[in-house]
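*Asks:* Protein chains in written order, with the working numbering: chain A, 1 to 492; chain B, 493 to 984.
Simulated from the structure, these hints should not be mistaken for laboratory data.
No incorrect hints appear here.
Now the in silico label distances, taken between C-beta atoms and shown as ranges:
1. A:Arg106 - B:Lys743: 17 to 27 Å
2. A:Asp342 - B:Glu962: 40 to 50 Å
3. B:Glu962 - A:Glu314: 46 to 56 Å
4. A:Asp100 - B:Lys874: 58 to 68 Å
List time: in silico EDC-like cross-link candidates among lysine to aspartate or glutamate, alpha-carbon distance up to 16 Å:
5. B:Lys549 - A:Glu46
6. B:Lys606 - A:Glu157
7. A:Lys134 - B:Glu519
8. B:Lys524 - A:Glu116
9. B:Lys579 - A:Asp100
10. A:Lys87 - B:Asp602
11. A:Lys80 - A:Glu214
12. B:Lys590 - A:Glu79
13. A:Lys32 - B:Glu608
14. B:Lys701 - B:Asp715
15. A:Lys57 - B:Glu538
16. B:Lys590 - A:Glu117
17. B:Lys606 - A:Glu88
18. B:Lys590 - A:Glu88
19. A:Lys54 - B:Glu538
20. B:Lys579 - A:Asp110
21. B:Lys546 - A:Glu46
22. A:Lys98 - B:Glu580
23. A:Lys77 - B:Asp592
24. B:Lys569 - A:Asp100
25. A:Lys47 - B:Asp545
26. A:Lys98 - B:Glu575
27. A:Lys87 - B:Asp592
28. A:Lys32 - B:Glu609
29. A:Lys98 - B:Glu609
30. A:Lys114 - B:Glu580
31. B:Lys579 - A:Asp112
32. B:Lys626 - A:Glu27
Sample of chain B residues at the chain A side, in silico, Cβ under 7 Å:
33. Val528
34. Ala556
35. Lys579
36. Val584
37. His586
38. Arg588
39. Leu599
From the three backbone atoms N, C-alpha and C, an ideal C-beta is built for every residue, glycine too.
Below, each chain spelled out in residue letters.
There are 2 protein chains.
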Amino acid sequence: MSFEKVKRSENYSEWYNNLVKQADLAEHSAVKGCMVIKPYGYAIWEKMQAQLDKMFKETGHSNAYFPLFVPKSLFEKEEKNAEGFAKECAVVTHYRLKADPDRPGRLMADPDSKLEEELVVRPTSEAIIWNTYKNWIRSYRDLPILINQWANVVRWEMRTRLFLRTAEFLWQEGHTAHATKEEALEETRKMLEVYATFAEEWMAVPVIKGVKTENERFAGADDTYCIEGMMQDGKALQMGTSHFLGQNFAKAFDVKYQHRDGGLEYVWATSWGVSTRLMGALIMAHSDDEGLVLPPRLAPIHVVIVPVFRSEEELDRIAETAQRLRKEIEAHGYTVKFDHRDTHKPGFKFAEWELKGVPLRIAIGPRDLDNGSAEVFRRDTKTKEVLPLDQISSLVPGLLNQIQDNLLERARSFRETKLFPVNTWDEFVEAIDKKEGFALAHWDGSGETEEKIKELTKATIRCIPLDVAEEAGTCILSGKPSTCRVIFARAY
Amino acid sequence: MSFEKVKRSENYSEWYNNLVKQADLAEHSAVKGCMVIKPYGYAIWEKMQAQLDKMFKETGHSNAYFPLFVPKSLFEKEEKNAEGFAKECAVVTHYRLKADPDRPGRLMADPDSKLEEELVVRPTSEAIIWNTYKNWIRSYRDLPILINQWANVVRWEMRTRLFLRTAEFLWQEGHTAHATKEEALEETRKMLEVYATFAEEWMAVPVIKGVKTENERFAGADDTYCIEGMMQDGKALQMGTSHFLGQNFAKAFDVKYQHRDGGLEYVWATSWGVSTRLMGALIMAHSDDEGLVLPPRLAPIHVVIVPVFRSEEELDRIAETAQRLRKEIEAHGYTVKFDHRDTHKPGFKFAEWELKGVPLRIAIGPRDLDNGSAEVFRRDTKTKEVLPLDQISSLVPGLLNQIQDNLLERARSFRETKLFPVNTWDEFVEAIDKKEGFALAHWDGSGETEEKIKELTKATIRCIPLDVAEEAGTCILSGKPSTCRVIFARAY
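This is chain A alone, in the form it adopts within the complex (with noise of 0.2 Å):
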């Protein structure tokens, strides 16, 4: 159980693959590319998605359900997205397995079962999506249509990292329909701004709200818009898209509307999605060589008790006050574990929760007792403090408060000096290569330029800033004129 320590400050790869494995978060498995949550993990999940649905409930969305597969002709459809995804794509060629008649015990697909037509299973769903909203939308009055739908996507890849990258992952995509470009436009941004709230008050990761450029967006899209998160090693994480469509989709599947005075005009369009990716940068931004850090919002357990004691009776004393206290917590909405393993010592019990990320510790020895008090640790800060064993419940609340803010603030600091504005290319090297952070840097808006620069330093443009200043400027790479300054950054 013992997390086998490699620091984030030697090997910040290994470093991760070790901590989502070792706090029990997610692991390979026998599939090539695909990942098993486990528990632990799945449980950090599950909170993010209660959330989130919450939000995209209050914000007027339904969920619904569409097929796993997407038949070839409809995924070709939508010839920029299907070029874009065709790489990537898990194929289905046949609906039935018999026995193999060269090995016995063994199977083959029966070759009388092949599909004539292939089926993907989808990497994402606008194809079958948009194919079934043709047949609900006639007129205005069937306008918007707000649906989100909880899913898994298959997304071939050939470098694969628990939860950043996989072959098969969870998400959620959001498909709507509107009547207009404005209020598409306007559900595209509505939900950046609900990811972007999530992302800095649930997971205590600031980001930066941005546009991607024409050679990052969405196949399909007529912009993609971006939460851009920064982690512990200066790297980027794309945390949430969302995606204007314009009429792309409603034309390549014929999707039109009758108008309020008349006329038939195509159906304006959005999609955005966050995945199991969030657990990457949720792990990413905020744990240290000890293991994981969780904001309380976000974490299956908020408070341990560990008992401190040497025999039965110790441990039957302790328990008393112990479970006194862990009803007291779970009053004020919180989920407790009273840790009374005797097959364990409390060191090996504070290293294990430690690893896992629990945000507060309470330890209670017989002499804590005798005083009337416990001693109070804080995951963030790795602080301790000897608290009053009747106040602990009534503290509590406060200190988790003040954890879910601090990691957010802590966050926010760490960017702060990892934001390099830039003026020449030296300096822009420096930032990307050295100093391993952002840089915010003029560039005269040509894919072309965008692309060198990636060859040169593997730094991408992230995106424009929705918030960024007008301001005259040249180009680090091109010398030619720029508007703007673009965060520019080595991405996962």
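Put chain B on the given structure of chain A with help from the hints.
*Replies:* For chain B alone, kept in the frame of chain A given last:
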């Protein structure tokens, strides 16, 4: 929007199909055999999920997630399981599409991306999960493992019906690992009880708990427990199954644990699941010729308020009272819809909300306001009552409870009239064929007889009830001795 009236009594099957579509629950998709679950249908499924999930967690289970794909070599390992599902498996053979050189704008599976080993889209997850558990289990201290997964599964079907039989469906599958046979058996029965409680207390569908015969057992199980409900056409619907898997999967995947006192033993297993099929059961158990009838505990909308007005002034007056009433009822924890559309007449709205199964409807007109009363309509009994406006909100919880209880009671009474203890072949045929019910009959215990009865009557043994009384008798077909009655019925 109006419900195309096909009466239950005229054509039950067409009535069901119409209802599912017209109440906006689900529809067929462009993918053969796969359905789209529409927002209103999905909202009911979400209510089912939320309650089941709560019950699983209360009985000590955690959620996790395992891959969608199962490598063929793993799928083959438990032979009976593999044999049982082989004929229904969607098979992924390629992981990339490319432009089809012969057909511009079209794609084809890229031959260079052919997988070395085919992947089966999970029809059920025992194989992939036991291959994972193998690495999680070393000693008795690692047991039990109590995990549930909410997921989609695919079982290729030629003849599909919305919710009842679709190629892809949504479900939950519990997979547990235990040190002893007794504990695994206890778990199997415990989860059957959870399902039975859910069916009766939430869905208001009474169920018969029992054990399947060998012929009807889950492929790979030593015993399959089930709950069977009776639909309004007298046919049975298997609503949930809980499997005692013995050591079959542990042996197939070589999963052993070290005993407290040394030696190694194979692990004992269970699995249990319910699916979106429950939606079919819910619809068929209660609904009528006017549409859906929903038990309040699973209704997305509990109360609809319909204003009856001729002018905007009247609507304004009514709206004030309606909004106040809505808030009062919502304060009790219920969902209320105030349908103030001016595009539809009250009669249309009445029919629409009846079609959608909303348990209570409150109609308010100008005269009602003057009298300080409103008309309250119960969907289950189709009775109207004029009640004082200032008492309605406090009466609603009681009314909804009455509806919930009445639906269960009504379904139970109906079932009573359709349960026929029979002693001869003629009585048996009459019970199944003419009286369209369940037959409680003696059976000689042989699979051969069971098959023959199925061929002759299309009736199958639904289960051997758990509470069956020992009773000497003779098999209705073979005349051989029998020790108890089993339940025969035609089934979905």
